[in-house]
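Using the sequences provided together with the hints, build the complete structure.
2 protein chains.
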Amino acid sequence: MLLQSANAMSNNHTQKDKNLVIFMPSGRRGRVETGQSLLEAARQMGVEIESICNGRLTCGKCKVHVEEGTFPKHGIVSGSSHLTPAGDKEKELLAEMGDGCGRLSCSAYVQGDVLAFVPEESRAQKQIIRKSASELVIEIAPAIRQIYVEVDTAVLGEHQGDWRRLQTALANQEGLTDLTIDLQALRRLQTALRGGKLAGGKWAVTVIVWQERELIDVQPGYVEGIYGLAVDIGSTTIAGHLCDLRTGAVLATEAMMNPQVTYGEDLMSRISYAMTHKDGLDKMHTAVIKSLNQLAARAAKSAGLRPRQIHEAVFVGNTTMTHILLGISPVELGGAPFALANRDSMDVKARDLGLRFHSGANVHVLPSEAGHVGADNVGVLLAEEPYNQEKIVLTVDVGTNAEILLGNRDWMFSASSPTGPAFEGAQIAFGMRAAPGAIERVRIDPATKAARFRVIGEERWSDEWETEIETETEYPAHLAVGICGSGIIEVVAEMFLAGILQADGRFNPNLNHERVVWNGRKPAYILATGDQTGNGEPILVTQDDVRSIQLAKAALYAGAKLLMLRANVEKVDKIVLAGAFGSYINPQHAMILGLIPDCDLEQVYAVGNAAGDGARIALLNRNKRKEAQTVAHWVQYVETAVDPDFQNEFVGAIHLPHASDAFPHLEGMLPEAVAIVRNGRSRRRKRG
Amino acid sequence: MLLQSANAMSNNHTQKDKNLVIFMPSGRRGRVETGQSLLEAARQMGVEIESICNGRLTCGKCKVHVEEGTFPKHGIVSGSSHLTPAGDKEKELLAEMGDGCGRLSCSAYVQGDVLAFVPEESRAQKQIIRKSASELVIEIAPAIRQIYVEVDTAVLGEHQGDWRRLQTALANQEGLTDLTIDLQALRRLQTALRGGKLAGGKWAVTVIVWQERELIDVQPGYVEGIYGLAVDIGSTTIAGHLCDLRTGAVLATEAMMNPQVTYGEDLMSRISYAMTHKDGLDKMHTAVIKSLNQLAARAAKSAGLRPRQIHEAVFVGNTTMTHILLGISPVELGGAPFALANRDSMDVKARDLGLRFHSGANVHVLPSEAGHVGADNVGVLLAEEPYNQEKIVLTVDVGTNAEILLGNRDWMFSASSPTGPAFEGAQIAFGMRAAPGAIERVRIDPATKAARFRVIGEERWSDEWETEIETETEYPAHLAVGICGSGIIEVVAEMFLAGILQADGRFNPNLNHERVVWNGRKPAYILATGDQTGNGEPILVTQDDVRSIQLAKAALYAGAKLLMLRANVEKVDKIVLAGAFGSYINPQHAMILGLIPDCDLEQVYAVGNAAGDGARIALLNRNKRKEAQTVAHWVQYVETAVDPDFQNEFVGAIHLPHASDAFPHLEGMLPEAVAIVRNGRSRRRKRG
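Heads up: the protein sequence lines correspond to chains G and P, in order. Read in numbering that gives the first Met the number 0, the first sequence has 583 at position 584, and its numbers run on one by one without any break. Read in numbering that gives the first Met the number 0, the second sequence has 479 at position 480, and its numbers run on one by one without any break.
Just so you know, these hints were derived from the structure itself, not from any lab. Hints are supplied without guarantee of correctness; some may be wrong.
Each pair may be met inside one copy or between any two copies, as identical chains are not told apart.
Claimed, not checked - Think about it this way: if two alpha-carbon atoms lie no more than 20 Å apart in a straight line, the pair counts; the simulated SDA-like pairs of lysine to any residue are:
| id | residue 1 | residue 2 |
| --- | --- | --- |
| 1 | K196 | V330 |
| 2 | K196 | G334 |
| 3 | K282 | L182 |
| 4 | K570 | D597 |
| 5 | K573 | E149 |
| 6 | K348 | S358 |
| 7 | K289 | L182 |
| 8 | K201 | Q602 |
| 9 | K348 | L182 |
| 10 | K573 | L250 |
| 11 | K348 | E213 |
| 12 | K282 | S271 |
Structure, rendered in structure tokens:
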């Protein structure tokens, strides 16, 4: 009875003190307690407002415009202010910014219902990056190991030096001989030894040894914990996993834009930037190093570590990315014969690259296969191990470029296919990157031809949205802004399935429908209507967009077919879709569209960022580095650009689907495939 | 006849156009042609005037005060100006400096006889350093070699990478396998290869390979020339030889003060500075690196090279110096058990130390023997090779500390003796470093007790000076300013030989002479009279000075005797005096004073900077580095500080000469020894 009334009181309290706060333009809303700052409220609701000083009233970045007042449908009437008034410092800051009517969200505390508008400059929307570590079984045998060792103390009349004394102890205890010591570790050696004095008179230290040959760290006493960073440097996205090298656990995953995007969206424009600007290489190198330092700092922070605790790193990336990473000009990769400066794996001190990891940390860059098939593809090889399988596996890694692998334990071919950036949303009228508001899923009703879609940042499909601000929960967090890579694949496939497009990719001239607008000979499909978009204008899929996708998918398909021709196989047993893109396109849609050759649908897998997984594998297991080096040499690279067979296959693969006889089983099961697609769930990854 | 008259004309011309210029306070004088700048004139006469901008009228460092006019004894009478008038820019600069009557010597051109006074702030007197490479026969087999190689060009469809292609060419041509490449070289590889395109289609490059295992440089085409730097980092002086690694030739020798002197004159004060100042090590490390960069730049410049052309370096120094060089705290060397961080040799990338040599250059630091016997002593070992001799050799290297080696091919002992800095002129009333004006040679007439001496910077002995400015040639370039290390040894020995001092080191109380002043119980000998010195005050040798020398020489002698005791030998076959100091003290004086034990005078050699020679040997011959490592371990170090035998020998060696029975043959031949000494010529180095 007593308990019950306490609960009732608590409920009363909760309801009474909670105020409705709505943030525009996202429309996000929620109830917050009286006294919370608007900035805190925004964070709770997933509305990202920029703030550098974190409430210290210094940066002025968190400004919002506030429409105070009661919301009629709740019937609350209040003449009092719904926010605490601005203090002198806040007023001063706003005056400096020339803004009389704004508020700094960090200093405005909620007193009642509030509608706040977050202006463009205050938004801190980050790219949503979907690269994340998948679950792989990796044997833990990293390139570094931590050893606790007790060392004889120095005595007068014995002159071997502290480093020799430590070497002797390590030789006796671990059988380690011919060790060298990193200068930075040597500098700390004597202090560490004397800091670890034991009662028995010996010195105890914990050292870290790299590849059983170089001592890179020494700390007094018993210390536990070694950490490493595996990074996939994509043309667009840099994604890293910070790993515990004892357990293999991923402690943090961070991703960010590759800052080189400023110097060119695709590889060729970056190569050309390096070619035409004297300091081009330097700028791009510095930019990526700076980002890697930021990424490491963030990952370390979120794992409760410092970047200086990163003792080892493995980097993968396409050849242009690894060249620039190492400060090597990529210009030779820009033209035949596409000569690499170095194809083999490389160990470099992190400090020599300007990376602020541990002072003795080593960076291992996986080897490349050929001028256009880089360490990222070797990462995919390590992660998927097609070279250990009996089945013939086709692996497709679609990023800005597409790398294709075909083979099994007996033979292996690789190729790079010039898909262009259409799959990433570039060269598409309403294309955009995978950012909030991007349409990423599309379903078209074959009967009504109307589309329903899902945008990044909002869980619900568009047909569940309520676009009038009437209820608290129904207004979408983000309205549609454009179409990202996976969205463009789906919409083109769906348009084909719905009969809007013909097999040759042209809009069906016999279809007269309100969703299709004919601007003379430039037809377009209305994917999102004006009331579903942020700017009130509809989002269209044009004939040119369809052509771009046709060219890209034909290049991908032709690359795969070329390798099948070289290998003299008619059919592949298994298809692996790698890359962030591969994780979010639906295998069925990919096959409907003709991105990939015929294969049992059960045997099509999306494996996410396999390149990053490969980097992680090489980070956790040093033997895998040797394996990578061997396999990279063993894979036979096939040059697509100059091969007449490629041109042949390319032309034949332009259609949607490229040739109906390639889909005998699909032809019959299309309704079923469509049903699966409707289900909206991508299949889970399976190993083996 | 025609010829004769032409000569006559030329003579006339020469005499007519040459003007007498005298620089004060040095008194240096000479005749220069009309139109020469005063700065040029000063340089010709060895008067060092500071100049940074080198005549660009920017720095204003070269200011002099000018007494124009004719010099009566030449009978030249001239009313016109003897210098070109100052231009606007010069006037402006002088006005800025608040100096109305000065001239900038770079812009004042001689028109007649001039007397110029160089003020203190304009003087650029450098330390005169006598470390210079002696002539040793060294087999040329450096750690780096230059290889011209022709490489297959890259072709489409072949993906090994340019580095692999170069590796293949080097393996085929030179049998080099398992080569690694320095990142900096890899960055230049592709440009270099393509810059060396041959008519036949191949690529030609010249590479530099370190220790047959790492490629550190690649340049297009055929290039010849590899250079290295050997440096002896003394506590007081840093001396380096820039060598041509093809011929072994010394291209330039540079020396400078060790800038760490600011932080303490001797090793203990520097160790203590590192101990008591948080940034002490960092400051001393940075200072020495900066100086090494300056030294390298100067040496390179004087050889017509750039510092970036230094591809390899060998450094020696005492243990404190090598620790600080490597950025390792020397504090453990400051107290028992005097533990070295590392006794063994070390290879470090020059760039990791902040040395601006070639980007891939390696620095080799020779090993040490014990806490207080460092790489410099190993350098002496390499240079003198006592470990290859049948004779028992005593090697004494006197710098701020004295290192002693005793042994032959069968056994070898080493010790460090706490001589203190008296031998370097410190702790001496009128002591100074070996700089212009320092008394470095002394002879005392036993009859008159008057001294004649020679100062650094003036060839003539003081009894040939004319201290009135009457003739052009007789005024000394430098008057006496103080006494340097070799001078103090000689004067004490001479005072003893002349009967001014007794065997116990006390001033002879029975001697009543105008050259000896008795300030109560503090007698002193007048070495230079007021008219022979720069400031007009006499230079004295005090009783305390004699005591300091007695203590220092006793320490040195006791160290040598201790090793003889340990080795159980009565007599040494040969004595080698190493170090800058060893080159300038007279072996006879050293024996008279009792610095060194009894030995046939014919078998006493002064070998100059043997430590530096050892560094040069290790620079020119990589096999000597292994030899150094082996020998450094093989030598048995004897700790002097705690040995009762050392104390014993020390007390017994205080006398002058320490014990007359130790000099049975000298006793008889003293007059002869004196005669040799009078001769004033130190004996030439002999190899044997």
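We went through each hint and held it up to the structure:
1. K196 - V330: between (55 Å within a copy, 17 Å between copies)
2. K196 - G334: between (61 Å within a copy, 17 Å between copies)
3. K282 - L182: between (29 Å within a copy, 18 Å between copies)
4. K570 - D597: Result: close within a single copy only, 7 Å intra versus 96 Å inter.
5. K573 - E149: Neither. Shortest intra-copy (53 Å) and inter-copy (46 Å) distances fail the 20 Å Cα cut-off.
6. K348 - S358: Both ways: K348 and S358 sit 8 Å apart in one copy and 15 Å across, limit 20 Å.
7. K289 - L182: between (24 Å within a copy, 19 Å between copies)
8. K201 - Q602: Neither. Shortest intra-copy (60 Å) and inter-copy (49 Å) distances fail the 20 Å Cα cut-off.
9. K348 - L182: Answer is both: 12 Å inside a copy and 10 Å across each meet the 20 Å cutoff.
10. K573 - L250: The answer is neither: 32 Å in one copy and 69 Å across copies each exceed 20 Å.
11. K348 - E213: Both, since 12 Å and 15 Å are each at most 20 Å.
12. K282 - S271: Classified as within: same-chain Cα gap 13 Å, cross-chain 45 Å, threshold 20 Å.
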